[in-house]
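Colleague: Sequences are here, hints too, so could you generate the full structure?
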Amino acid sequence: MTTSQSAAPAKTATPSTPVAAAGPRVQNAVIKYGFIFVTVTLFTYFALSEPSFRDSATLLDTLRYVSVAAILGLGVTLTMAVGGMDMSVGAVAGLGVTVAAKTMVTYNQVGVVAIIAVIVAGALAGLLNALLIVVLKIPDMLATLGTMFVIQGTKLILVDGQSITPGMTQSDGTTAPGRFTDGFLRIDRGSILGIPISVVIFGALTVVAWIFLARTRWGRVLYAIGANPEASRLAGIRVGAYRALAYVLSGVLASTGGLILAARIGQGDVSAGTSQLLEAVAVALVGTSVLGRGRPNVWGSALGAVLIGIITTGLTIKGLPYYTQDVVEGAVLILALVFSFTLSKRRTA
Amino acid sequence: MPRTRLPLAALSLASVSALFLAGCSQSTNASKDTGDTAASASAATGTKPAPFDKGTVKVALVRQSGAGDYFEQWGNGAKAQAKALGIDLTVYDAQADNAKQATDLSSAINSGAQAIIVDHGFPSTIQPEIDKAVKKGVKVVVYDVETATKGVVSTKQDDASMAQAVLDVMATELGKNAKVGYVNVAGYAALDKRDSVWKSTVDANGWKQAFKVGKVTDSTATDNVPLVSAALTQHSDVTGIFAPYDELAKGTVLAVQNKKLQDKVKVFGADVSNADIQNMTASGSPWVATAGTDPSAVGAAVVRTAALELAGRLNKTSVEFPAVAITQAFLKSKNIQNMDQLRTALPALNLSQVSTADWIANVAH
Numbered sequence: 001m002t003t004s005q006s007a008a009p010a011k012t013a014t015p016s017t018p019v020a021a022a023g024p025r026v027q028n029a030v031i032k033y034g035f036i037f038v039t040v041t042l043f044t045y046f047a048l049s050e051p052s053f054r055d056s057a058t059l060l061d062t063l064r065y066v067s068v069a070a071i072l073g074l075g076v077t078l079t080m081a082v083g084g085m086d087m088s089v090g091a092v093a094g095l096g097v098t099v100a101a102k103t104m105v106t107y108n109q110v111g112v113v114a115i116i117a118v119i120v121a122g123a124l125a126g127l128l129n130a131l132l133i134v135v136l137k138i139p140d141m142l143a144t145l146g147t148m149f150v151i152q153g154t155k156l157i158l159v160d161g162q163s164i165t166p167g168m169t170q171s172d173g174t175t176a177p178g179r180f181t182d183g184f185l186r187i188d189r190g191s192i193l194g195i196p197i198s199v200v201i202f203g204a205l206t207v208v209a210w211i212f213l214a215r216t217r218w219g220r221v222l223y224a225i226g227a228n229p230e231a232s233r234l235a236g237i238r239v240g241a242y243r244a245l246a247y248v249l250s251g252v253l254a255s256t257g258g259l260i261l262a263a264r265i266g267q268g269d270v271s272a273g274t275s276q277l278l279e280a281v282a283v284a285l286v287g288t289s290v291l292g293r294g295r296p297n298v299w300g301s302a303l304g305a306v307l308i309g310i311i312t313t314g315l316t317i318k319g320l321p322y323y324t325q326d327v328v329e330g331a332v333l334i335l336a337l338v339f340s341f342t343l344s345k346r347r348t349a
Numbered sequence: 001m002p003r004t005r006l007p008l009a010a011l012s013l014a015s016v017s018a019l020f021l022a023g024c025s026q027s028t029n030a031s032k033d034t035g036d037t038a039a040s041a042s043a044a045t046g047t048k049p050a051p052f053d054k055g056t057v058k059v060a061l062v063r064q065s066g067a068g069d070y071f072e073q074w075g076n077g078a079k080a081q082a083k084a085l086g087i088d089l090t091v092y093d094a095q096a097d098n099a100k101q102a103t104d105l106s107s108a109i110n111s112g113a114q115a116i117i118v119d120h121g122f123p124s125t126i127q128p129e130i131d132k133a134v135k136k137g138v139k140v141v142v143y144d145v146e147t148a149t150k151g152v153v154s155t156k157q158d159d160a161s162m163a164q165a166v167l168d169v170m171a172t173e174l175g176k177n178a179k180v181g182y183v184n185v186a187g188y189a190a191l192d193k194r195d196s197v198w199k200s201t202v203d204a205n206g207w208k209q210a211f212k213v214g215k216v217t218d219s220t221a222t223d224n225v226p227l228v229s230a231a232l233t234q235h236s237d238v239t240g241i242f243a244p245y246d247e248l249a250k251g252t253v254l255a256v257q258n259k260k261l262q263d264k265v266k267v268f269g270a271d272v273s274n275a276d277i278q279n280m281t282a283s284g285s286p287w288v289a290t291a292g293t294d295p296s297a298v299g300a301a302v303v304r305t306a307a308l309e310l311a312g313r314l315n316k317t318s319v320e321f322p323a324v325a326i327t328q329a330f331l332k333s334k335n336i337q338n339m340d341q342l343r344t345a346l347p348a349l350n351l352s353q354v355s356t357a358d359w360i361a362n363v364a365h
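Just so you know, the sequences run in chain order A and B.
Here the first sequence is numbered in our numbering, starting from 1 and rising by one per residue.
Here the second sequence is numbered in our numbering, starting from 1 and rising by one per residue.
Treat the hints loosely; a few may be bogus.
[Said to hold, decoys possible] Pairs of lysine to aspartate or glutamate, DMTMM-like flavour, derived with a Cα cap of 25 Å:
no.: 1; chain 1: B; residue 1: K135; chain 2: A; residue 2: E50
no.: 2; chain 1: B; residue 1: K132; chain 2: A; residue 2: D182
no.: 3; chain 1: B; residue 1: K135; chain 2: A; residue 2: D172
no.: 4; chain 1: B; residue 1: K208; chain 2: A; residue 2: D172
Keep in mind the hints are simulated off the structure, nothing from the lab.
Modeller: Right, dumping it as structure tokens:
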């Protein structure tokens, strides 16, 4: 996976500036491939030192583990492209888990209805963000932080603060009639040709998001707005509409992540999704450093997610407790940002 | 200018390698974490059966959460017992993230562990992975998890007896028809069982439940303070609150103290740890009774159970660890400050007779 994903962006790389001296060439190589080098090196190290790490089942598990943060990270990437940020993705994913549980367990509906309800909830959350940011002019970080709390609260109110479990006694004394349908559970627990469906969704969404952002006019407009909203406006772009689009798409992606979480947990869980926010933001930030572009990009985010997965799985197999893992993850994130900002800035200086 | 950038580039790559080396050297220390050194091992005398006769045995411990005093001590007991048995124990800690526990369990199965201990978890989340493990021939021992899979060894503290022990004290203290509060969360097997004992006790005593609040997070104690405070603002006339999990009880104690109600409202908790004992015996603490097992002894007993199962010598599918009631008055009268002193005062906590054999070096006291 790692090689195929790191090879693909090479095709889309912007033509590098002509270099004459060896120094800048090495410099450029470090900026461009440094991050990929870190990923490949870590991967090789774990694969060589831990036989169980190079097992294909472990590798697929790693991808399955990061799929949610990766999909949420795609949404964050889209909002970063328009110069914004979406802090509500974790809460929206959590809302997705609650809506899925509520639809199937409390209202006894089939999986397809749950999927539609979750996606609609995600789109509405995105619209709320868009309303606050585009219409009411609240700074993106603050607006989405606000919706994060509102959504977390909403999801608790929906379920009276309880995790919805099949067969639970509800507040009116009756027993919950439904359960998570087998079809719905397949979103995370099933596989196609041996690849977990959640990983397939992650891969497919990555490709779609990449085509959208890097290969369509809309994508270029999003980047243009992020680079200079005023110039974009003067060029006749409907800046507000495009920014709103980015937040709605982010909401839909976050709720898709919520679908996977729901299928993985298999019941309501009021705390689901909260841990995903930081990983999703980290993934999108790390992504900016891949191939030295210094701007949010889809393949970068996907590779960032894979790297976080490799670190988490590798260190766990090595026996490191989770609290030391956080330090390593943070250090890698900082390192990636050095590639992205410190080195790139010097090149242009 | 270009030349000046080289050192920085080199520095970045160097720091990758440094990070790496740090990773290597740490791993050797951490994986051999000895856990609770306070536990003294009784020597094994018998001949070790397979697979313990040939070097280390690989076992994975997959936890829903290792945070909080209770779970930390539980983990320490498990690690200490694993070390005494020559088990290479890999600990997966999902940090209360249920989705992560599902993938952790999946990784544990792929890691080649001969046995997997699953500590807590939502049944709907981990059931399919447990099935997978059993199908693959991995021995599975669950702690406080409801599972229907054949071939899985189920261990738990006897939660009904635990709730009953505290609620007996509560009934004596409050009498009939009292107005009471409740701090609990649904969806955790242990808490659900304590919940059903609570419901029948409330009915039997004609208590009026004024409020029910509570949530479980990565910092449960702190996060419950505002919930209970808010409930107490509205219902300051309750005479007792049942919080059947020590992190919930700690939050409840703080909330009662914040509201300056400690002379009027008594808190009845569950579980016991060093911090819980400190909390109960602190001056002005409203926490008057709890019931518990010794988490460290339970963690160790679960690992012994897994060892017996691996050796094919367990011969049962369910092991229960009985709980003991502990009151504030008892702690104060015996001047008990910590778990070690409590173990001496209450030998029933040690579980030294549960899941043991002559070839097992027992870390229980």
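Colleague: For K132(B) and D182(A), compute the direct alpha-carbon distance and say whether it is at most 25 Å.
Modeller: 16 Å, holds
Colleague: K208(B) and D172(A): Cα distance at most 25 Å?
Modeller: 17 Å, holds
Colleague: Is K135(B) close enough to D172(A), meaning Cα to Cα at most 25 Å?
Modeller: 40 Å, violated
Colleague: Does E50(A) lie within 25 Å of K135(B) when you go C-alpha to C-alpha?
Modeller: Cα-Cα ~24 Å, so holds.
In this structure, only the earlier hint numbered 3 is contradicted, and the remaining ones agree with it.
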